[in-house]
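Combine both chains into one complex, guided by the hints.
Residue strings, one per chain:
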Amino acid sequence: MKRAFPILAVITAVLLAYALYQALVVAPTDAQQGDVYRIIYYHVPSAWTAFLLFFINFIASVQYLADSKPTTKQAAKWIAVAVGVVGAVAAFVIPLPAGIRPSAIATTVLAIPVFYFLLGKYFPGEKLDVLAVTTAEVGVVFCTIVLVTGPIWARPVWGIWWAPGDIRLTSTLVLWLIYVSYLILRRFSDSAQTQKLAAALAVFGALDVPLVYFSIWFFRTQHPQPVIGGGGSMDPKMLDVLMISWTAFLFFAFLVCWSRYRLEILRREVEQAHAMQSLSGADSRVAVSSPDVSSRGSQ
Amino acid sequence: MNAIKFLYAAYIVTWLIHALYIGSLVRRYKSLRQQLKELNKGK
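Chains A and B, in that order, are what the protein sequence lines are.
Letter 160 of the first sequence, counting from 1, is numbered 140 in the working numbering, and no numbers are missing.
Letter 38 of the second sequence, counting from 1, is numbered 766 in the working numbering, and no numbers are missing.
Read the hints as simulated data drawn from the structure, not as lab findings.
Straight-line C-alpha distance at most 27 Å; calculated DSSO-like pairs for lysine-lysine:
| # | chain 1 | residue 1 | chain 2 | residue 2 |
| --- | --- | --- | --- | --- |
| 1 | A | K107 | B | K758 |
| 2 | A | K(-18) | B | K765 |
| 3 | A | K(-18) | B | K769 |
| 4 | A | K101 | A | K53 |
| 5 | A | K107 | B | K765 |
If you're wondering where the values come from, they're calculated on a predicted model, not measured in any experiment.
With the rest of the complex left out, here is chain B (with noise of 0.2 Å):
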């Protein structure tokens, strides 16, 4: 049974499921920075 390769997807999807959250919490901090830095401008 060569099931070593459901071991390696299950512990590679682990990581790329935190690594797309991850980077979609950088993404929004960004943006939403970004809007404050320009409501800030627009004071």
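Excised from the complex, chain A in its bound form (with noise of 0.2 Å):
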């Protein structure tokens, strides 16, 4: 594994540097907004995969709560399942707004029972936490691309850096906010059940997730809609590109993904032998007292 990562670190800055050409080159220029346009190829990629990874997160953090009570651990499984497949199903049954698409909808509740089993097999126990916390870190370092390369957008676009009271923004920076104090919640509490209360903090900021996305269609807001699932409309070569950069993306943050883990992996180790060590510090200290204790009761 250890080889793979400098093979996989050359992979994504070939890739990455592909798609910056492609992006700043290859790309044609935007009728209306002309160059400044390009700024999508980051934006876009950067929140498409900040979703992606607290996906992940959610599916980690309600699997580490599940998995805490043998009962639960097995009702969640089923859950999981019911989710996606009554979730596909109701997805071209029930009638969805203009521009939604059913398959997209489908597709995305049918990887929460897909993502459920794959982690619980790679990621059993304590390894669901350590991919919790990567993924949510990961992602806010994302989410914090798609709030500074937004308002650096729309300044020369709509003429203003952020309109105030626009659901998408809003719920954005929500998002980034719930997340955030997660990872306050895990740096600065020490209670053992810290981990269990970042899992149900977690949950509930991954149900912002789709409020941000879905927004567009519910709420009137400046944001244009979305290119993917629905709504919005691009051009083909334009569309390449996208992919070809989020593609770039989804590799970098895999690497950055993988380095946090290990770091996270490691955390876990200097925290565990600091443990060991004064407990072993304080066996020595109840040893020593020992005799007196005794020679105490004898006198």
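Pasting the structure below:
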């Protein structure tokens, strides 16, 4: 596995360079916005990557909570399957607002049981919690990029940095704040229940993701319609470049998550070593003080 | 409209954020390695 990291790093660097070339040189210029629209090739893939990471965080957190009790562990598996199947069928049966593609909803909902079983298989026990903190932190980084590049794009196009009260922008900011609070909770809480509390917070935080994505259909907003899932349209050449850019960002996110995951494992090792050391120190103190106690008793 | 500077600003800021985060990961990793080394020495 250690050998795979540098190879993956080289592939990612090549992909990112290729995506940059595609975004700045190959992609056609937008007739209305000119070249500034090219911010889309960083803004949108960052948003999709953040959503995907928060989704993984959600599944890992639910599974971590469910696995803490044998009864809920079994029930959660069936609930995950039921949510996937019922949600996918409902996407085609229930009439959706114009612009939302049922196939996009069905795919997303079906991903819940798929990810649930995959994470359960490859990240058992405490590894789920390690994965949850990893995806939350890297997700916050990508979400930060979305919140920074958005206003930089809005200024020349809308004439303002931020549209106060706009549901898309506000819900994205709330999403960022929820996950920042999740990280603060994990960083500063010493309670033994921190991991479970954080997992519960992550479950509620993840509920904001669909609100961010679908807010465009349900509320008036200045933000344009999404190009994937319905509503918005895009030149096929531009869409190709967007997909290349997202692929490069996914590779990069995977690499960063891998590094953060290893860091978290190491942090827990150090924490455990500290605990063992202080425990052995306490044992030796008890061993030293014991003869005194017995001698006092004999006096 | 001199919008091109906004495009460059967005791209630069993106990589600046990533660089800062990767830098923080490297710093934390080095610090933990050092702590682990000291703990092993103390055994």
